[in-house]
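Participant: Protein chains in written order, with numbering that gives the first Met the number 0: chain C, 0 to 169; chain Y, 0 to 294.
What the hints contain is simulated information worked out from the structure, not anything from laboratory work. Warning: the hint list may mix true and false statements.
[Unchecked claim] Some chain C residues judged to face chain Y by a derived CB distance under 7 angstroms, without partners named:
hint, residue
1, Leu69
2, Leu137
3, Cys139
[Said to hold, decoys possible] In silico DMTMM-like pairs for lysine to aspartate or glutamate, Cα to Cα no more than 20 angstroms straight-line:
hint, chain 1, residue 1, chain 2, residue 2
4, C, Lys42, Y, Asp202
5, Y, Lys36, C, Asp28
6, Y, Lys241, C, Asp4
7, C, Lys42, Y, Asp289
8, Y, Lys36, C, Asp127
9, Y, Lys241, C, Asp2
10, Y, Lys219, Y, Asp284
11, C, Lys42, Y, Asp23
12, C, Lys49, Y, Asp284
13, C, Lys49, Y, Asp110
14, C, Lys49, C, Glu126
15, C, Lys49, Y, Asp2
16, C, Lys145, Y, Asp2
17, Y, Lys154, Y, Asp202
18, Y, Lys36, C, Asp4
Backbone N, C-alpha and C fix where the C-beta goes; we use that ideal spot for every residue, glycine too.
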Amino acid sequence: MGDRDREYVEFVEAASSSLRRTAYLVCGDWHRADDVVQDALYKLYLAWSKVDRSGNPLAYARRVVVNTALDSGRRPWRREVPTDTAPDLTSYGGDPAGTQADQDELRTALAVLSPRQRACVVLRYYEDLSVDQTAEILGCTTGTVKSQSSRALQTLRQAMTRARQIGHAS
Amino acid sequence: MKDLQELGAELHRLADNDPLDPIDSAALLERGRRGRKRRRVASIGGVVAGVAVIAAAAAYLPDLGTTSGRPGVAGTSPSPTFERTKIVKVQKNYQRNVDASGRTVDNPKFDEAALLEACAAKLNDPSRRGPAKASRPAAVDLTGWRVMARSVQPKIGTALVAVSPSNKQVAYCDLYVSTVPSGLGASSYTRVGTVTAAPKKMDPNLMGQGSACAAGTPCKGMLFLDGSRLPVRAVRLEIDAKNGHKISVPVNDGYFALIWAAGPNALFPAAYRAYDAAGKALPQDPPALDPTRIP
Numbered sequence: 000m001g002d003r004d005r006e007y008v009e010f011v012e013a014a015s016s017s018l019r020r021t022a023y024l025v026c027g028d029w030h031r032a033d034d035v036v037q038d039a040l041y042k043l044y045l046a047w048s049k050v051d052r053s054g055n056p057l058a059y060a061r062r063v064v065v066n067t068a069l070d071s072g073r074r075p076w077r078r079e080v081p082t083d084t085a086p087d088l089t090s091y092g093g094d095p096a097g098t099q100a101d102q103d104e105l106r107t108a109l110a111v112l113s114p115r116q117r118a119c120v121v122l123r124y125y126e127d128l129s130v131d132q133t134a135e136i137l138g139c140t141t142g143t144v145k146s147q148s149s150r151a152l153q154t155l156r157q158a159m160t161r162a163r164q165i166g167h168a169s
Numbered sequence: 000m001k002d003l004q005e006l007g008a009e010l011h012r013l014a015d016n017d018p019l020d021p022i023d024s025a026a027l028l029e030r031g032r033r034g035r036k037r038r039r040v041a042s043i044g045g046v047v048a049g050v051a052v053i054a055a056a057a058a059y060l061p062d063l064g065t066t067s068g069r070p071g072v073a074g075t076s077p078s079p080t081f082e083r084t085k086i087v088k089v090q091k092n093y094q095r096n097v098d099a100s101g102r103t104v105d106n107p108k109f110d111e112a113a114l115l116e117a118c119a120a121k122l123n124d125p126s127r128r129g130p131a132k133a134s135r136p137a138a139v140d141l142t143g144w145r146v147m148a149r150s151v152q153p154k155i156g157t158a159l160v161a162v163s164p165s166n167k168q169v170a171y172c173d174l175y176v177s178t179v180p181s182g183l184g185a186s187s188y189t190r191v192g193t194v195t196a197a198p199k200k201m202d203p204n205l206m207g208q209g210s211a212c213a214a215g216t217p218c219k220g221m222l223f224l225d226g227s228r229l230p231v232r233a234v235r236l237e238i239d240a241k242n243g244h245k246i247s248v249p250v251n252d253g254y255f256a257l258i259w260a261a262g263p264n265a266l267f268p269a270a271y272r273a274y275d276a277a278g279k280a281l282p283q284d285p286p287a288l289d290p291t292r293i294p
């Protein structure tokens with residue numbers, strides 16, 4: 000195995016779990032997240048010589064993962080359909096036993112967000128990236144990131160409040 | 000602010016329940032290697048197809064290869080058949096590449112003046128220069144030039160670098176024995192240019208020129224063809240095709256020439272290293288492109 004391949008394998012082993020968690024939060028399904036990360040890591044291998052020289056392969060990989068996750072949602076068989084009601088928990092990888100109520104509420108709330116809003120939330124509050132870094136990954140302006148994040152947070156608060164009310168009522 | 004911290008913590012808790020097995024890095028590596036190979040094959044195929052399209056288009060262009068840029072007058076210009084016959088004859092003259100003693104150009108003792116004459120004939124061949132350059136009146140004359148470096152491949156031909164008496168111009172040539180099909184020298188690097196200062200550092204991206212030996216050619220695998228300038232302290236260049244075949248060519252004032260049948264399964268571009276008079280390898284950065292194997 001050459002140096003290039005060895006470095007790539009070391010990177011995959013170190014970063015793939017973290018990238019899959021990010022992909023899961025963006026796309027909402029573990030199996031789809033797995034596909035997304037594998038596709039992204041494949042693209043990364045093809046561009047590895049360039050990426051490795053840039054000195055921060057994780058940042059590049061994260062960018063590819065997020066964009067691949069957003070692209071995968073645009074494919075016809077996976078296209079997300081806007082709805083004014085929160086989907087059933089199981090459609091976002093829910094917990095039928097109901098033992099993790101808080102997480103289910105968050106999952107439900109995340110599912111209500113548009114894919115780009117979800118990506119903003121994940122990059123800003125899960126990955127702890129700055130507005131500038133988030134804008135760079137998503138290929139948009141910092142103003143767009145701020146407005147998307149703000150709307151996403153507002154929607155999340157409303158959705159979680161509603162989910163809690165439904166939970167208390169039942 | 001507090002609810003943002005809570006959101007972050009909730010997201011971490013949600014993402015920590017990964018139910019899947021770790022990603023198989025070996026399978027991913029294998030997939031990546033296959034993808035890279037496919038890309039390379041596709042790019043080589045694209046180049047071949049592009050050359051074929053250009054060649055096919057050029058074949059239909061009228062007056063291609065004529066020495067005059069003026070349009071012909073009805074009844075006075077030679078017929079296209081006559082022009083073509085003349086060009087083929089010129090090509091055959093220099094493709095025969097035999098000196099006064101009857102040595103062929105693949106012979107290391109081939110007369111140097113005859114070598115320069117054959118190189119000039121190839122440089123001046125209108126069919127090689129293309130329609131735009133063919134109308135240029137200045138012909139290249141290599142009389143009195145010095146051969147700085149030369150490489151010979153038996154049964155195939157020779158590659159050489161020559162500089163002008165004023166040391167201002169340099170010519171690179173690859174010449175073939177008459178039995179070699181013309182397709183083998185398709186990626187010929189025969190050219191003339193201005194001498195520039197020798198580089199201070201080794202170019203890490205050499206050995207990327209050559210032709211695949213097709214059926215009917217007196218070689219197998221890859222025929223490497225190169226000529227360039229290295230730092231002046233280099234005295235020899237060792238090239239390794241990583242298929243068990245290696246070659247060492249002399250470097251003179253930084254100039255080297257290479258024509259080398261490296262055999263099947265050669266690494267392309269081949270690995271190489273230059274050495275100074277003390278036998279010390281000159282530092283060299285890694286190449287931009289990863290090599291591939293040529294069957």
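Participant: Check whether the Cα positions of Lys241 (chain Y) and Asp4 (chain C) lie no farther apart than 20 angstroms.
Facilitator: The hint holds at about 18 angstroms.
Participant: Given Cys139 (chain C) was flagged as interface, is its beta-carbon under 7 angstroms from a beta-carbon of chain Y?
Facilitator: violated (21 angstroms)
Participant: Holds or violated: Leu137 (chain C) as interface residue toward chain Y, Cβ cutoff 7 angstroms?
Facilitator: Nearest chain Y Cβ about 17 angstroms off; hint violated.
Participant: Given the proposed pairing of Lys49 (chain C) with Asp2 (chain Y), does the C-alpha separation stay at or below 20 angstroms?
Facilitator: Outside the cut-off at roughly 40 angstroms; violated.
Participant: For the pair supplied as a hint, Lys49 (chain C) and Glu126 (chain C), confirm whether the alpha-carbon distance does not exceed 20 angstroms.
Facilitator: Violated, at about 24 angstroms.
Participant: Hinted pair, alpha-carbon criterion (20 angstroms max): Lys241 (chain Y), Asp2 (chain C). Please report holds or violated.
Facilitator: holds (17 angstroms)
Participant: Given Leu69 (chain C) was flagged as interface, is its beta-carbon under 7 angstroms from a beta-carbon of chain Y?
Facilitator: The hint is violated - Leu69 (chain C) has no Cβ within 7 angstroms of chain Y, the shortest such distance being about 17 angstroms.
Participant: Within 20 angstroms, alpha carbon to alpha carbon, are Lys36 (chain Y) and Asp127 (chain C)?
Facilitator: violated (38 angstroms)
Participant: Would you check the hint for Lys42 (chain C) and Asp23 (chain Y), treating anything up to 20 angstroms between C-alpha atoms as holding?
Facilitator: holds (16 angstroms)
Participant: Given the hint that Lys49 (chain C) pairs with Asp284 (chain Y), test it: the Cα-Cα distance must not exceed 20 angstroms.
Facilitator: Measuring from Cα to Cα gives roughly 15 angstroms; hence the hint holds.
Participant: Given the proposed pairing of Lys219 (chain Y) with Asp284 (chain Y), does the C-alpha separation stay at or below 20 angstroms?
Facilitator: Judged against 20 angstroms, a Cα distance of about 30 angstroms means the pair is violated.
Participant: Verify the proposed pairing of Lys49 (chain C) with Asp110 (chain Y), using a straight-line Cα cut of 20 angstroms.
Facilitator: violated (48 angstroms)
Of the numbered hints listed earlier, those contradicted by the structure are 1, 2, 3, 4, 5, 8, 10, 13, 14, 15 and 17.
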